[in-house]
Amino acid sequence: MPKELWKGNEAIAEAAVRAGLEAYFGYPITPQTEILEYLSRRMPELGRAFVQAESELGAINMVYGAACTGARVMSSSSSPGVSLMMEGLSYIAGTEIPAVLVNVMRGGPGLGNIAPAQSDYNQAVRGGGHGDYPRIVLAPASVQEAIDLMALSFDLAEKYRMIAMMILDGSVGQMMEPAEMPAMREIRRRDYEWAVNGAMNRERRILTSIYLNPLDEEKTNLRLAERWNEVKTNEVRYKEYFLDDAKYVVVGFGTAGRVALSAVREARAHGVKVGLLRPITVSPFPYEALNQLTGQVEAFLVVEMNAGQMLDDVQLAVRGRVPVEFYGRPGGVVPFHDEILDEIRRLVSGPLAVSSNPRDSWLTRMYRNLKIAVP
Amino acid sequence: MTTDNLVYERPEAFTETPTHYCPGCTHGVAHRLVAEVLEEMGVVNKTVGVAPVGCSVFAYNYFDADFVEAPHGRAPAMATGIKRVLPDRVVFTYQGDGDLASIGMGEIVHAAARGENITVIFINNANYGMTGGQMAPTTLPGMKTTSSPNGRDVETQGYPIKVSEMLSTLDGVGYCVRRSLHDPKNIRLAKKAIRAAFETQMRGLGFSMVELLSTCPTNWGMTPVASMKFVAEHMVPAYPLGDYKVSDAVKQIKVQG
Ligand SMILES: Cc1ncc(C[n+]2csc(CCOP(=O)(O)OP(=O)(O)O)c2C)c(N)n1
Ligand code: SF4
Ligand SMILES: [Mg+2]
Chain A
1 MPKELWKGNE
11 AIAEAAVRAG
21 LEAYFGYPIT
31 PQTEILEYLS
41 RRMPELGRAF
51 VQAESELGAI
61 NMVYGAACTG
71 ARVMSSSSSP
81 GVSLMMEGLS
91 YIAGTEIPAV
101 LVNVMRGGPG
111 LGNIAPAQSD
121 YNQAVRGGGH
131 GDYPRIVLAP
141 ASVQEAIDLM
151 ALSFDLAEKY
161 RMIAMMILDG
171 SVGQMMEPAE
181 MPAMREIRRR
191 DYEWAVNGAM
201 NRERRILTSI
211 YLNPLDEEKT
221 NLRLAERWNE
231 VKTNEVRYKE
241 YFLDDAKYVV
251 VGFGTAGRVA
261 LSAVREARAH
271 GVKVGLLRPI
281 TVSPFPYEAL
291 NQLTGQVEAF
301 LVVEMNAGQM
311 LDDVQLAVRG
321 RVPVEFYGRP
331 GGVVPFHDEI
341 LDEIRRLVSG
351 PLAVSSNPRD
361 SWLTRMYRNL
371 KIAVP
Chain B
1001 MTTDNLVYER
1011 PEAFTETPTH
1021 YCPGCTHGVA
1031 HRLVAEVLEE
1041 MGVVNKTVGV
1051 APVGCSVFAY
1061 NYFDADFVEA
1071 PHGRAPAMAT
1081 GIKRVLPDRV
1091 VFTYQGDGDL
1101 ASIGMGEIVH
1111 AAARGENITV
1121 IFINNANYGM
1131 TGGQMAPTTL
1141 PGMKTTSSPN
1151 GRDVETQGYP
1161 IKVSEMLSTL
1171 DGVGYCVRRS
1181 LHDPKNIRLA
1191 KKAIRAAFET
1201 QMRGLGFSMV
1211 ELLSTCPTNW
1221 GMTPVASMKF
1231 VAEHMVPAYP
1241 LGDYKVSDAV
1251 KQIKVQG
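First to last, the sequence lines map onto chains A and B. Sequence positions in the first sequence follow this note's numbering and run 1 to 375. Sequence positions in the second sequence follow this note's numbering and run 1001 to 1257.
Please keep in mind that the hints were generated in silico from the structure rather than gathered at the bench. Treat the numbers as computed from the prediction; the structure is a model and nothing was measured. Treat the hints with caution; some may be incorrect.
[What the hints assert, rightly or not] Simulated coverage check for chain B against chain A, where a stretch passes if three residues somewhere in it have a Cβ under 8 angstroms from a Cβ of chain A:
no.: 1; region: 1044-1052
no.: 2; region: 1107-1117
no.: 3; region: 1151-1165
[To be verified] Restraint ranges, calculated between C-beta atoms of paired labels, are given here:
no.: 4; chain 1: A; residue 1: 369; chain 2: B; residue 2: 1154; range: 52 to 60 angstroms
no.: 5; chain 1: B; residue 1: 1237; chain 2: A; residue 2: 226; range: 31 to 39 angstroms
no.: 6; chain 1: B; residue 1: 1088; chain 2: A; residue 2: 185; range: 19 to 27 angstroms
no.: 7; chain 1: B; residue 1: 1006; chain 2: A; residue 2: 189; range: 39 to 47 angstroms
Here a beta-carbon is modelled for each residue, glycine too, at the ideal position from N, C-alpha and C.
One chain only, chain B, in its complex shape:
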């Protein structure tokens, strides 16, 4: 078989289990990028993943790697425990915005501040997907959710938290960037960033995080295509894409692809 016409192949770092994600949800895209990167780096068999509480709670079913499943928001603490006793393993968390930026804000900030050599894949879909679309700390002003039915009112419900900007102020952070999954070009850039984040960890250069702007067509009440458009038109302006922190040491890393 030639690979000339091959458009899709399951990465070896994936199990055969079909994902439970809704059609058009970018959780699946993010999973695939992580799986491809781990496979390309040849580290799948020395990886320990930490799944969150959220729609990606079953992430461990899809990666062909060792996994644990953390209490809601506590993944960075669990990852710290794992990495401290197994410093030569690749340890990553995969967390939603409710998980990371609300209930788990303490854990993520301090893991970053300590410069834990872990990688965090942060899925910002502007709502609590799993529990049916409530307001998250990342919900845009005016955005309707099941717990902000008239649109997020910043007077009473506060303002969105820009996690990448915030964490990038911490000296323990080696690599902290925001990317988006709304079109092929951005997906390619996201993959490159995920690679850079894991390379940061492999070289012991501190905490690394990739924030990924994502869709939740089901709870947004949009088609997958409209969701992608919503990300491009509304999420990207509110959460600008870019490199928020790339330490000098990390800048030296040459990432191909």
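The following block holds chain A by itself, in its conformation from the complex:
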């Protein structure tokens, strides 16, 4: 297929359609509303289901119901809406059925704003909903990558009977870029051995997340953990840039990773041996890739559009063997590449200590850089 100019949100919607989306349920919220609007036209045109739900609670439970039948279904929202979906996500996880959710994140907490942010990393990666459950989280950095990860999200969700969530910030959702759409996949409603669709010529089936006997719930938790091991073994994805001889490594996902790449390129042009590792699956997180790098690297720089959330995962991987530094722009601010370049220069000029708390020193620098008084 030739490249065309696509707006991120519409590209995601069309990519889902081409991946065989059978039903979409959503509720308007900026900056993802174009997904809903696009599908309100596209789905009925193809004879597929579209419902504008009464709320995100309604939307995620419609997804839950439809997913129980084995159909390929999804919802999309943005931060406050995703918070409202957490109850449903927990039930979906407990019922062990596949479902796909896109979170086009914005600045928070609370109503926050509608500017691009990576504020919901912890909510997405650590769970958000109640109970003990893993979930797959993918983080595209461009319109093309969002298209590619959309189909992958469905495949992974179905393969592991698990939630697959795509998190991106509003800038990827709103930006227009040339991208290539995959061909239309045929809808194949698989009759999964668990799907609830009427007990015709078979034993009846029940889908629930209740295990009143704690021993049964424990078995379920263990089963989920075991399945997660499989995901960790098979599905870790990340992109490496200039890592072969890198002495300094920047780690950033999504847009932060993309901006960091320009900074890394420029630093390279000035002879700095710096590279970038951009996680694509932030859950499962590429711990092992980072672990390997600690042998060759003098320091890591984590760059995020939040106050340091993925930072914890990088620190878990590095385990204090080399310094990990942090630079973040929370609240809906996208960092400029020269801010990150300055941070790379700071790393190179040292000295850095393993023992210092990267979040604390970042805060001090932020107040200084922004010329505002520490409250």
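Start from chain A and add chain B with the ligands according to the hints.
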């Protein structure tokens, strides 16, 4: 064997599992009526039920049909999702008054407004049975519950919600009636209404709901017989039985029995 003297037979739409309901609780009666109707209509094997959170959370153990179990109050949203991808299946929710009229009010109103072709069996027992008898939106004024120990004070705790009356104002609703389970005559009428509700769905005539006035002897602190009397004397006057909405198209349906 002749059936002349047969007083009870388990409907085929039921599993062998004995129910966990308290003696004299009308949840069991409501289950049986639904099971009989699905069986008589020959649709058990194309039915997907949605169980609620409440005493009937385990409804799925008793019906010999496919079932899912919804988060508290969200059954109409789940049923919407199921019906939209499986429009030729029979989809119903079974919900209590806390589930439907409190935490799930948004979901039920909008499912009704959209005219979802689903059937809702709504059990109004004037309290939160499962959690031990707290006040529900349907608790009668002055009625004592564990969270209205001095009787529901409408000044501070508001007034009962009349769900059938409310939903009947919505154009998406094809069939919306209130019946009671407190004596054999009313039980027969309730069954007929449940049949009409499922027929409404089968013909794609919109949202259908049967509200059933029910007992909760355990939390009401009454014998089963006294509970039935309480329904007749106190619930029926507060929640008048009747047809709140039967659309013209639904009126054409001939229901036998
Ligand atoms: C989100 C959530 N809040 C609260 C509860 C606790 N809870 C379980 S059942 C129930 C009340 C159910 O009452 P009702 O719907 O009237 O059903 P009944 O037991 O009377 O048949 C409540 C509040 C829950 N399970 N989930
Ligand atoms: S607590 Fe009430 S509603 Fe629940 S089973 Fe017992 S009598 Fe029925
Ligand atoms: Mg109740």
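Now the hints, each set against the structure:
1. 1044-1052: holds (count 7)
2. 1107-1117: Answer holds; 4 residues pass the 8 angstroms Cβ test.
3. 1151-1165: violated (count 0)
4. A:369 / B:1154: 52 to 60 angstroms: For residue 1154 of chain B against residue 369 of chain A, whose Cβ atoms are near 59 angstroms apart, the range 52 to 60 angstroms holds.
5. B:1237 / A:226: 31 to 39 angstroms: 57 angstroms, violated
6. B:1088 / A:185: 19 to 27 angstroms: 24 angstroms, holds
7. B:1006 / A:189: 39 to 47 angstroms: Holds: the Cβ-Cβ distance is about 43 angstroms, inside 39 to 47 angstroms.
The structure fails to meet hints 3, 5 from the earlier list, while all remaining hints are met.
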